[in-house]
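Colleague: Position chain B against the provided structure of chain A, taking the given hints into account.
Here is what each chain is made of, one letter per residue.
Number of protein chains: 2
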Amino acid sequence: MENFYALIAAGGHGTRLWPMSRAKVPKQMLPLIEDHSMFRTSVERISDLFAPEDIFVVTGQDYAEELRGEVPHIPAANFIVEPYAKNTAPALALALATIQARDPEAIVAILTADHHIADPDKFRRVLGAARQIAQDGRIVTLGITPLHPATGYGYIQQGPPIMEVDDFTVYQSKRFTEKPDIVRATQFLASGRYSWNSGMFIWKVSSAMSAFEQFQPAIYAMCTYLQSAFSAPDYQQKLEGIWDTMPKLSIDVAIMEKAENIAVIPVDIGWSDIGSWSSLYHILPQDSFGNCIKGDATDNRVILDTRDTLVYSDRLTVAIGVEDIVVVDTDDVLLICHKDRTQDVKQVVDYLKENGSEEYL
Amino acid sequence: MENFYALIAAGGHGTRLWPMSRAKVPKQMLPLIEDHSMFRTSVERISDLFAPEDIFVVTGQDYAEELRGEVPHIPAANFIVEPYAKNTAPALALALATIQARDPEAIVAILTADHHIADPDKFRRVLGAARQIAQDGRIVTLGITPLHPATGYGYIQQGPPIMEVDDFTVYQSKRFTEKPDIVRATQFLASGRYSWNSGMFIWKVSSAMSAFEQFQPAIYAMCTYLQSAFSAPDYQQKLEGIWDTMPKLSIDVAIMEKAENIAVIPVDIGWSDIGSWSSLYHILPQDSFGNCIKGDATDNRVILDTRDTLVYSDRLTVAIGVEDIVVVDTDDVLLICHKDRTQDVKQVVDYLKENGSEEYL
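Taken in order, these protein sequences are the chains called A and B.
Just so you know, we're using the working numbering here: the first sequence kicks off at -3 and counts up by one.
Just so you know, we're using the working numbering here: the second sequence kicks off at -3 and counts up by one.
The following block holds chain A by itself, in its conformation from the complex (with noise of 0.2 angstroms):
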């Protein structure tokens, strides 16, 4: 679609499939759930809809080589590489200076390199519907329709309908909240106007620096100079001692909780931001005992009356008489988690860090 691009934010070093997720190897570079990583099929759900050259990706300096042998089809110089990690606000901006730059009348979706969605097709007409509501000058996200009161996402309240577009029904934005608890989330849930913030929204590159114009001056301000300055030959230089000033802030708290001409396109499309060992489980295929085993040990594994257990391993493994287990058998690490608290691996990443074991993270 003409002047349509898309800027996969691909940037984050989650540990909440730790141990395999680690900072050396973010979540988006695992072969999760299919056999290449999930960053390639962020890709690969998108190529019907988008050119190479117009699809975009935001990294860290750590991911960036990895990253482009996953996608060799797409020029190296769409990839920008934040010197180190400033949280999603500086990298999309110094990304979106980058796409206007090329193209001043670009429509951008911004999109996620980690999630996984089961409906692709479902996904790419709501990108489509989206690209046109974001003509207008509006700020569009996808909201995701909530199966149950979770508590590890923000939220979007809807407002009025503004409109429908396909079989799509648009909504005004009222109001951008972080991660309710448990009561909060279950009114949010039986409102019906709540959806699940994707962290996916498409908008004009006109509107989108605009308002970061509006609501972060001085990242706007360093970001328009790197874009005059792109073709310096110390641009590196130059970005390297500006990555200092910038603050760290994420683009919910720098543009969204703050901006006005926000709609929200709440969509089904099976999505799951793959947030902990559980939730990876339910999106695998398992077998007629529920159990799912990956890695390298899937034909060298014995599984005796074992039950909706998830096994990443490479070794011969073998599981007898338990259930409702996650086992992640990473080469320095081993962890046993019951399927109920996967949650708590973040609070072992957070004592590790604590306690100075940094070669575990």
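None of these hints come from the bench; they were simulated from the model.
Treat the hints loosely; a few may be bogus.
[Unchecked claim] To give an idea of the chain B side of the interface with chain A (calculated C-beta under 7 angstroms), a few residues:
#  : residue
1  : Ser309
2  : Arg311
3  : Thr313
4  : Ala315
5  : Leu331
6  : Cys333
7  : His334
8  : Arg337
9  : Asp340
10 : Val344
11 : Tyr356
12 : Leu357
[As the list claims (entries may be wrong)] Reference listing, derived: stretches of chain A covered by chain B, where coverage requires no fewer than 3 residues with Cβ under 8 angstroms from a Cβ of chain B:
#  : region
13 : 304 to 316
14 : 321 to 333
15 : 339 to 352
Where is the CB? At the ideal position from N, CA and C, for every residue including glycine.
Modeller: Chain B only, in chain A's frame:
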């Protein structure tokens, strides 16, 4: 004590503690309870009773060198090495012939290399008592007072009491039985007239050789021939030539189930054959949550809300929200087993054998 010798049978290659016990590293070589091998513990347990030169060991070719290294104070010549495993009867007959050649008046305590004895003091006292009774020419067996209707052990049925020695009552042995089913085991326990067969017995070497002559004349003839050839330059060649013909028989089947003059001393010495991961768990010290963490991971672990769990691992190991689990993490195999199901490890080993996965055995 004069003419008193220990003969430790250390040739076993049990698989019930798989994947830690392996064909190349059987249970007696593992540091399961202390930080040295079960074999070394078995030797140290009797070192107050026997001088190093009075302790003999019978074992297999594959294990001899490592076992010698574990107890360097025992003369290397006291290690009787069978060319390959032929079950216990031929191995013990060969060892007894060796001891007889050194001391025809020898009384020999045949002991195990991979069992746990919580009360070693009482164990040494009962050995002293057994030695006195063996003087008469009786085969004296140590019976273990049963604590539950175990189906994994053979039982010895007590006949009338013969005498009291120290504070031990000695009974005529009426019958050796194979492992019973649970109904019979319950009857045995209720009768108060059965003990578990510990596999430990004390006899004069002359009585032992007579028993072999009577019940196993082929083994007797071959061992007597070898005895006469001990100092021959081609002894090893003769041994290997003869070994092929040795019948594969256990000492119970070969002698104990046939001999008449057997006495049994039932004792409670806190004995365990450590026949499963679960029985090992019950021997090991546990923390206040009932967990037991062994291996190099001991100082390098995170255990969150986990109870009654046994972990053997040399890696960073994290357990969250599980209970009654056994985790055994070796270089090439990972076992996760419910604590009530550890006897099924044997099924897995059988399965691997049938499927030609010899490298894991």
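Colleague: Against this structure, judge whether each hint is valid.
Modeller: Status of the hints after comparison with the structure:
1. Annotation: interface hint on Ser309(B) holds; nearest CB of chain A at approximately 6 angstroms, less than 7 angstroms.
2. Restraint check, Arg311(B) versus chain A: the minimum CB separation of about 5 angstroms is within 7 angstroms; hint holds.
3. For Thr313(B), the interface hint holds, since its Cβ comes within 7 angstroms of a Cβ in chain A; the closest pair sits about 5 angstroms apart.
4. Annotation: interface hint on Ala315(B) holds; nearest CB of chain A at approximately 5 angstroms, less than 7 angstroms.
5. With a cut of 7 angstroms, the hint placing Leu331(B) at the interface with chain A holds, because the nearest CB-to-CB distance is about 5 angstroms.
6. This hint holds: Cys333(B) has a C-beta 4 angstroms from the nearest C-beta of chain A, less than the 7 angstroms allowed.
7. Annotation: His334(B) was flagged as interfacial toward chain A, and the flag holds, the nearest CB pair being 3 angstroms apart, inside 7 angstroms.
8. Proximity of Arg337(B) to chain A holds as hinted, the smallest CB-CB distance being about 3 angstroms (cut-off 7 angstroms).
9. The beta carbon of Asp340(B) comes within 5 angstroms of a beta carbon in chain A, closer than 7 angstroms, and the hint placing it at the interface holds.
10. Given hint, Val344(B) at the interface with chain A, holds; its Cβ is 5 angstroms from that chain's nearest Cβ, closer than 7 angstroms.
11. A cut of 7 angstroms between beta carbons decides the hint on Tyr356(B): the least distance to chain A is about 6 angstroms, and the hint holds.
12. Below 7 angstroms, beta-carbon pairs count as interface contacts, and Leu357(B) has none with chain A, the closest being about 11 angstroms; its hint is therefore violated.
13. By the rule of at least three residues with a Cβ nearer than 8 angstroms to a Cβ of chain B, the coverage given for the region 304 to 316 of chain A holds, with 7 such residues.
14. Against chain B, the region 321 to 333 of chain A contributes 9 residues with a C-beta closer than 8 angstroms to a partner C-beta. That satisfies the three-residue criterion, and the hint holds.
15. Against chain B, the region 339 to 352 of chain A contributes 6 residues with a C-beta closer than 8 angstroms to a partner C-beta. That satisfies the three-residue criterion, and the hint holds.
This entry does not satisfy hint 12, going by the numbered hints stated previously; all others are met.
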